[in-house]
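With chain A's structure known, arrange chains B and C on it following the hints.
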Amino acid sequence: MNDRVLRLVNVGKTFGRHRALADVSLAFVPGRVAAVLGPNGAGKSTLLGLLSTLSQPSQGRITLGDEELSRHSPIRASIGYVGHEPGVYGDLSARQNLRLFASLYGLANAERCIDEMLARVGLEGVRSEAAARTFSRGMLQRLALARALLHAPEILLFDEPGAALDPAGAAWLAGELQREREAGRLVVLVTHDLAAAAAIATHVVVLRRGRVARDQTRASFSADELRAIYEEATRGKA
Amino acid sequence: MARRSWISQAACIAWKDLHIEGRSREVLYTMGFMAALVVLVFSFAFISGQETTVGPDAVAGILWVAVLFSGTVALSRTFDRERESEAIRSLLLSPVPRSAIYAGKLVATAAIMFLVELLLAPLLAALFSAGIMPHVLWLGLLLLLGTIGFCSVGVIFSAALLRARSRDALLGALLFPIVIPVLLAASRATAYLLDPTAPDLDPALFWTRFLAALDVVFVVVGLWSFEPVVMGE
Amino acid sequence: MLATMPSARRSSASFLAGIAATLVGFLLVPLLVANAPLEKTMGVVQKIFYFHVPCAWLLMLSTFVCAGGSLAYLFAGSERGDRLALCSAELGVLFGLCVMVTGPLWARAAWGVFWTWDVRLTSSLMLWLMLIAYRLARRYGGAGGRRLAAAMALFAAADVPLVYLSVNFWRGLHPNTKTVSSLAPGMRLPFFTSLLIFSALWGVLLALRMRVERAHSRLAELAIAVEDAEEESL
Numbered sequence: 001m002n003d004r005v006l007r008l009v010n011v012g013k014t015f016g017r018h019r020a021l022a023d024v025s026l027a028f029v030p031g032r033v034a035a036v037l038g039p040n041g042a043g044k045s046t047l048l049g050l051l052s053t054l055s056q057p058s059q060g061r062i063t064l065g066d067e068e069l070s071r072h073s074p075i076r077a078s079i080g081y082v083g084h085e086p087g088v089y090g091d092l093s094a095r096q097n098l099r100l101f102a103s104l105y106g107l108a109n110a111e112r113c114i115d116e117m118l119a120r121v122g123l124e125g126v127r128s129e130a131a132a133r134t135f136s137r138g139m140l141q142r143l144a145l146a147r148a149l150l151h152a153p154e155i156l157l158f159d160e161p162g163a164a165l166d167p168a169g170a171a172w173l174a175g176e177l178q179r180e181r182e183a184g185r186l187v188v189l190v191t192h193d194l195a196a197a198a199a200i201a202t203h204v205v206v207l208r209r210g211r212v213a214r215d216q217t218r219a220s221f222s223a224d225e226l227r228a229i230y231e232e233a234t235r236g237k238a
Numbered sequence: 001m002a003r004r005s006w007i008s009q010a011a012c013i014a015w016k017d018l019h020i021e022g023r024s025r026e027v028l029y030t031m032g033f034m035a036a037l038v039v040l041v042f043s044f045a046f047i048s049g050q051e052t053t054v055g056p057d058a059v060a061g062i063l064w065v066a067v068l069f070s071g072t073v074a075l076s077r078t079f080d081r082e083r084e085s086e087a088i089r090s091l092l093l094s095p096v097p098r099s100a101i102y103a104g105k106l107v108a109t110a111a112i113m114f115l116v117e118l119l120l121a122p123l124l125a126a127l128f129s130a131g132i133m134p135h136v137l138w139l140g141l142l143l144l145l146g147t148i149g150f151c152s153v154g155v156i157f158s159a160a161l162l163r164a165r166s167r168d169a170l171l172g173a174l175l176f177p178i179v180i181p182v183l184l185a186a187s188r189a190t191a192y193l194l195d196p197t198a199p200d201l202d203p204a205l206f207w208t209r210f211l212a213a214l215d216v217v218f219v220v221v222g223l224w225s226f227e228p229v230v231m232g233e
Numbered sequence: 001m002l003a004t005m006p007s008a009r010r011s012s013a014s015f016l017a018g019i020a021a022t023l024v025g026f027l028l029v030p031l032l033v034a035n036a037p038l039e040k041t042m043g044v045v046q047k048i049f050y051f052h053v054p055c056a057w058l059l060m061l062s063t064f065v066c067a068g069g070s071l072a073y074l075f076a077g078s079e080r081g082d083r084l085a086l087c088s089a090e091l092g093v094l095f096g097l098c099v100m101v102t103g104p105l106w107a108r109a110a111w112g113v114f115w116t117w118d119v120r121l122t123s124s125l126m127l128w129l130m131l132i133a134y135r136l137a138r139r140y141g142g143a144g145g146r147r148l149a150a151a152m153a154l155f156a157a158a159d160v161p162l163v164y165l166s167v168n169f170w171r172g173l174h175p176n177t178k179t180v181s182s183l184a185p186g187m188r189l190p191f192f193t194s195l196l197i198f199s200a201l202w203g204v205l206l207a208l209r210m211r212v213e214r215a216h217s218r219l220a221e222l223a224i225a226v227e228d229a230e231e232e233s234l
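So the sequence lines, in the order shown, correspond to chains A, B and C.
For the first sequence, the positions run 1 to 238 when our numbering is used.
For the second sequence, the positions run 1 to 233 when our numbering is used.
For the third sequence, the positions run 1 to 234 when our numbering is used.
If we strip away everything but chain A, and leave its shape as in the complex, we get (with noise of 0.2 Å):
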């Protein structure tokens, strides 16, 4: 793993009339977990857009490293990505699925990559030939998740990833998340829940407005002290 920090420098965001994101400037270092916080409308998956490449900030610079963020450039490989709809084909099996992926993200000895994917995410054996679109919420997350990871990114970006997991689902994605942090990825997590969140960030966000809100980082953060930090900087009108 290497240390690149990703870094936003006064990013703004528009579309037409609406202000999604303004002057946003944040560093994400790896080997943290950063939790992106915020009302509804707040611009968090404005933000987990932006750092992804899938759009463009219309002000700013966002850069990986020395290595400026465009839809172009080879960061594209470097980055995971869990959001709330698995981005999977309902219509493969999820051997097929990782397989697909593993191709177009050109992975060397990709089947033994896969195999232990699936082994780690619980969907091996019977379950990995089936049709994707028989599983569960849960099943279908954890593919997700193997996707994602399968290409070994510095960076991991999720977007709500456990709104739709009961709480074991929830649980062990959390667990999942801490694995990657410890192995010195930059997490970036965007999500609603804050006792979620306090178990495993070390770095707290909070948008309001488009704006960052609060910005702290600390060894770990307890669920009364993450709620705290988060209606203090919600205050006043959303």
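By construction, these hints were calculated from the structure, which means they are not laboratory data.
Example chain A residues on the side facing chain C (calculated, C-beta under 7 Å, incomplete): (1) 16; (2) 17; (3) 19.
Virtual Cβ for every residue (Gly too), placed ideally from N, Cα, C.
The following block gives chains B and C in isolation, referenced to the frame of chain A:
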């Protein structure tokens, strides 16, 4: 990390679509049924009294109108698969050049459409006793070229309409004005090939060449503009 | 608001000059057209030509300007190019409508039918359909509508020569006179003046329409600025 070549990445995406289709056959069946219905609707509308056939112009027209309408169904369905569970996002996030995604989708959609057309042509020949046999290979080539021309525009439009609410209604309305030259060239050439009384095949040759040129222009514009069209705001 | 911006004031001056020129033209052209010699077989009916052909030319010009603007928007992210494309597409739809009304009028008087699949008329019809489709894509195309419309404009521009070539071959059996080069000497002055004045009108309308669009985006910027100022004062 080993970089895959553009061709093999495009092939991966095309293979993925064809594999999915091979499993479900949904597009083949719905598109095939739709195409057959269009042909039958025209038959009921055109054939009357003791007549058993219509002229080669009309047969060619019916064939290509059926291809256009059923092709629109095929396009919107293959892109629905990308939208379900946001698979398209994973595709766009992968380090594959967007033009390879375009090429892959183009090849897969055109292949599925072509398969349906191979069944459609004999149906037409049977219904209207049209003589497809004398130039059957040439007709096959025309179907292939016409389908590529149609899909080269259609793939871009369906990809761009992925997030539009009324995408199914819009696709045809936006696509047909652009592909009229394809329809014109393909149906003219087909009419000459189907006409047993045609004195020579020079016009058919002209239209076939014209269609090939059209394909080249459309595919080049397509490869070139797909990336800026599909990237988010 | 716009009048306070220096660039707007400068464009106002050239804009007024354009309006003046167009007005003068509209006084001049009818006189020229009225005095132009009568065509031998069609008589006074042929005079619709001075209206019809410039409209058809502007339809084509609009298509290419729309494609040029779309190119700048798609590949350089130019908002101005996007506005230019939108406005010229709208003008293309407008002038295309004029072509579609005057064409059949002419056809009815000259050949006794409202519509002939004449090469130029059919090509114009296809261009017109593409520009209407462009407008539909912008209006109803959702989030990707602007980019889709821009791609359509590129395809439309690539289509123009092909459409002309294909229709020409398709209707190749009809005698196809090269109208403009065979124009009687007395018709040339009114025709080219009319062409010029119509183009000036197109330019004025385009400038007007662009102003409205520019004002729209300026308004959007101001709305955002107000929002930001409110945010600061909190």
